[in-house]
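Asks: Here's the letter readout for the chains.
There are 2 protein chains.
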Amino acid sequence: MKIQSVKGTRDFYPPLMAVRNFIMDGWKAVSRRNGFEEYDGPIFEYLQMYQVKSGDEIVEQLFHLTDRGGRELAIRPEITPTLARMVNEQINALPRPVKWFSMPRLCRAERPQKGRLREFFQWNLDIIGISDCRADAEVIFATINYLRSVGFKPADIAAKISSRKMLAALLLALGVQPDRLTALYTILDKKAKIPSEAFAELLAVQITDPAVLQKIQALMSVESLDGIGSIVPMTPDAQSALDELKTLFELLAAMGIGDYCRFDIAIVRGLAYYTGMVFEVHDLCGDLRAVCGGGRYDNLLRDFGGPAVSAVGMGMGDCVLEILLREKDLLPEPFATRCLDYFIVPLDPAHEQTAVQIAARLRLAGRSADFSYKTSGLAKQLKFATASNARFCVILGDEFARDGRLVIKDLTSGQQTTPTADEFWASIESA
Amino acid sequence: MKIQSVKGTRDFYPPLMAVRNFIMDGWKAVSRRNGFEEYDGPIFEYLQMYQVKSGDEIVEQLFHLTDRGGRELAIRPEITPTLARMVNEQINALPRPVKWFSMPRLCRAERPQKGRLREFFQWNLDIIGISDCRADAEVIFATINYLRSVGFKPADIAAKISSRKMLAALLLALGVQPDRLTALYTILDKKAKIPSEAFAELLAVQITDPAVLQKIQALMSVESLDGIGSIVPMTPDAQSALDELKTLFELLAAMGIGDYCRFDIAIVRGLAYYTGMVFEVHDLCGDLRAVCGGGRYDNLLRDFGGPAVSAVGMGMGDCVLEILLREKDLLPEPFATRCLDYFIVPLDPAHEQTAVQIAARLRLAGRSADFSYKTSGLAKQLKFATASNARFCVILGDEFARDGRLVIKDLTSGQQTTPTADEFWASIESA
Numbered sequence: 163m164k165i166q167s168v169k170g171t172r173d174f175y176p177p178l179m180a181v182r183n184f185i186m187d188g189w190k191a192v193s194r195r196n197g198f199e200e201y202d203g204p205i206f207e208y209l210q211m212y213q214v215k216s217g218d219e220i221v222e223q224l225f226h227l228t229d230r231g232g233r234e235l236a237i238r239p240e241i242t243p244t245l246a247r248m249v250n251e252q253i254n255a256l257p258r259p260v261k262w263f264s265m266p267r268l269c270r271a272e273r274p275q276k277g278r279l280r281e282f283f284q285w286n287l288d289i290i291g292i293s294d295c296r297a298d299a300e301v302i303f304a305t306i307n308y309l310r311s312v313g314f315k316p317a318d319i320a321a322k323i324s325s326r327k328m329l330a331a332l333l334l335a336l337g338v339q340p341d342r343l344t345a346l347y348t349i350l351d352k353k354a355k356i357p358s359e360a361f362a363e364l365l366a367v368q369i370t371d372p373a374v375l376q377k378i379q380a381l382m383s384v385e386s387l388d389g390i391g392s393i394v395p396m397t398p399d400a401q402s403a404l405d406e407l408k409t410l411f412e413l414l415a416a417m418g419i420g421d422y423c424r425f426d427i428a429i430v431r432g433l434a435y436y437t438g439m440v441f442e443v444h445d446l447c448g449d450l451r452a453v454c455g456g457g458r459y460d461n462l463l464r465d466f467g468g469p470a471v472s473a474v475g476m477g478m479g480d481c482v483l484e485i486l487l488r489e490k491d492l493l494p495e496p497f498a499t500r501c502l503d504y505f506i507v508p509l510d511p512a513h514e515q516t517a518v519q520i521a522a523r524l525r526l527a528g529r530s531a532d533f534s535y536k537t538s539g540l541a542k543q544l545k546f547a548t549a550s551n552a553r554f555c556v557i558l559g560d561e562f563a564r565d566g567r568l569v570i571k572d573l574t575s576g577q578q579t580t581p582t583a584d585e586f587w588a589s590i591e592s593a
Numbered sequence: 163m164k165i166q167s168v169k170g171t172r173d174f175y176p177p178l179m180a181v182r183n184f185i186m187d188g189w190k191a192v193s194r195r196n197g198f199e200e201y202d203g204p205i206f207e208y209l210q211m212y213q214v215k216s217g218d219e220i221v222e223q224l225f226h227l228t229d230r231g232g233r234e235l236a237i238r239p240e241i242t243p244t245l246a247r248m249v250n251e252q253i254n255a256l257p258r259p260v261k262w263f264s265m266p267r268l269c270r271a272e273r274p275q276k277g278r279l280r281e282f283f284q285w286n287l288d289i290i291g292i293s294d295c296r297a298d299a300e301v302i303f304a305t306i307n308y309l310r311s312v313g314f315k316p317a318d319i320a321a322k323i324s325s326r327k328m329l330a331a332l333l334l335a336l337g338v339q340p341d342r343l344t345a346l347y348t349i350l351d352k353k354a355k356i357p358s359e360a361f362a363e364l365l366a367v368q369i370t371d372p373a374v375l376q377k378i379q380a381l382m383s384v385e386s387l388d389g390i391g392s393i394v395p396m397t398p399d400a401q402s403a404l405d406e407l408k409t410l411f412e413l414l415a416a417m418g419i420g421d422y423c424r425f426d427i428a429i430v431r432g433l434a435y436y437t438g439m440v441f442e443v444h445d446l447c448g449d450l451r452a453v454c455g456g457g458r459y460d461n462l463l464r465d466f467g468g469p470a471v472s473a474v475g476m477g478m479g480d481c482v483l484e485i486l487l488r489e490k491d492l493l494p495e496p497f498a499t500r501c502l503d504y505f506i507v508p509l510d511p512a513h514e515q516t517a518v519q520i521a522a523r524l525r526l527a528g529r530s531a532d533f534s535y536k537t538s539g540l541a542k543q544l545k546f547a548t549a550s551n552a553r554f555c556v557i558l559g560d561e562f563a564r565d566g567r568l569v570i571k572d573l574t575s576g577q578q579t580t581p582t583a584d585e586f587w588a589s590i591e592s593a
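Going down the list, the sequences are from chains A and B. Here the working numbering runs 162 ahead of the position in the first sequence, where the first position is 1. Here the working numbering runs 162 ahead of the position in the second sequence, where the first position is 1.
Derived by calculation from the structure, the hints in this document are not laboratory data. Incorrect hints may appear among the rest.
Copies of one chain are not kept apart here, so a pair can be met inside one copy or by any two copies together.
DSBU-like mimics (lysine-lysine), calculated; alpha carbons at most 30 Å apart, straight line [claimed, not checked]: (1) Lys352 to Lys215; (2) Lys215 to Lys169; (3) Lys355 to Lys536; (4) Lys542 to Lys276; (5) Lys545 to Lys352.
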């Protein structure tokens, strides 16, 4: 009976697993370098938890199930609700700031498409308990620190940054009613994603006053922070949010990544829960979705039954990233799926057991070692050794049969030595 | 609204995440050292896949769900069916032997108990395509290589090894009908797990002939391979299976782990699919379940629509292992959840931004660095630096305010230097 894999999932054969490890090892290294601590939660949670943050419409995007006790569970589509639950549970015991990262496996019941699968991995960074913009800067910095470390240049990608707080103040200053803001964000977030006519239509449904509509259109086309004042009368709230954003850009420049960062008022983010800075990193050449996105969220912990503590975070999926790494030729493929110190080559079936024994003794001494199960010719075994990225071959040939000497061949330089077994082990075990 | 986690799952706060990383990094390192390549599959598969290997009774132990297209899916309770599916799909393209490892997250809808959770991680090793006992030896060796590397001694644990093939031949020699073997394995597997009276009762239900029953009882109490011949007449099949097992023990001794390995005829393994060598590693002092188990399985690929290729594998869960590591005091806790090269300490609020800037520049230079968000007193910040396992502190104090000098404090030796910023960066960026 032949069974297929489920559509929208991936089989990580060793070469693809090596790509995943390349990506996730990089995320981990940069997170640690930036002082984030790793956490994780369970793969499933009570379904209700996702409804708290995202409403009932989230349910159809989830893989959900009823367990034997009749409880409704869901495979996690994101880790932020879990983070909020975990931090709330230990809010009084955790040292602040909570500066955590995670690389969860997530599932969404979406129709698979390019860069969007049903199962994926997502790098998450969050700083909880710091409301000043140094935390915003740190989250953006760590994100760019990673993207820069794998080879993306300022010509390849940009962190496009704006502020929900500023946008809200500006829209209120233009006469938009406070209770219309959330609906408006959803539309404004679409500006760069749909044709401008479609955008104008959507906007016109929400904003019926032509003067206000025109102002909002003009505002959404502004290209610099300094250009805003000529479009919208600056209220104290708007000015203060604008000043905060300026401080953030100064800080990002001082941190050495100013050339990766730019203001973009069209960055709004779809989710309702952002309350301050919002950002997305975009590929500057292609037409892909954002590589990642994030921002400040001040109410999430409270929504999950905890205190009102400010937080800022970022999420980056592996699918779009991997496509982009390939497009920019930044994946050092083919990856080594094995990387050995020693490969043992018995040329005579009589030495098969000795080969296993040598490999075992090397492994017990902390070296990586393997051997060929087939005592085929030297050329074939050397080929396998090279495919295994072995540094040295230990050949059991005539020298071994005759007087117990091993041939140690350096596969990089091609040089060989012929120590006795005792000499070889002395060199290994004294090292 | 306060929401709990699902019972039987774990929240990996940073200290527990560090334990998980300690365990899984160890699995990975030993797998690679032994020449295994890493793979992984999706977290869910078609439900049917698990029924192929384990029958319909597995369904109630699974977290299963119906997707929007009406397809029955299940969260994986083990990775072996996925492995069989993946290997079958590329059977002609994959270089043999397939020598793979994985560390999947798995879920089982069981009642949580000590060492048995609803969600766990499992180290899997498999060698596919090699039927001789060097592959059996390699799987046992890599398992012990790991357990030995984390500190378990031969007095702590033992790999208890037997052979399904030998047991089958012996039972057939005693007159058991071939179609009764599978049912009998399930009972024999319980010998060490239930009271001897209960075991005798179960056995008596299956074996009605008192003479055969007595022989089986005697056989199941045999303590060495050499003792078998005096209980059961050795058929050629039984003798050949016994000789194979002897060869395996010789090989394990030659590989340097003989003191961790012993014959134990009571190791049968519950699963139907083992066909040859079977083994479990047990804690010798406690009353825990096996730390891990495995064996040779010759029919699995074929059962999944592939060719009849022999394979041998092992699975080790993280829950029992973690308990045992703690019991034996082999977890170097508390683990460092952060480990920094530099911690920046601004003593004056005026230097807060400089602190961020220095941390950023260090990170861009590949160093791990962090800073305190609060410009509280030196003592408090040094305490935080120590908690972050920082190697050096960079203190921005009077020297910095006065003439731009940093105080670099080595937190191990306590020694300090006071370079100018230029001197400091020259030393960092030239290194």
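Asks: If any of the earlier hints don't hold here, list their numbers in rising order.
Replies: Hints 3, 4, 5 not satisfied by this model.
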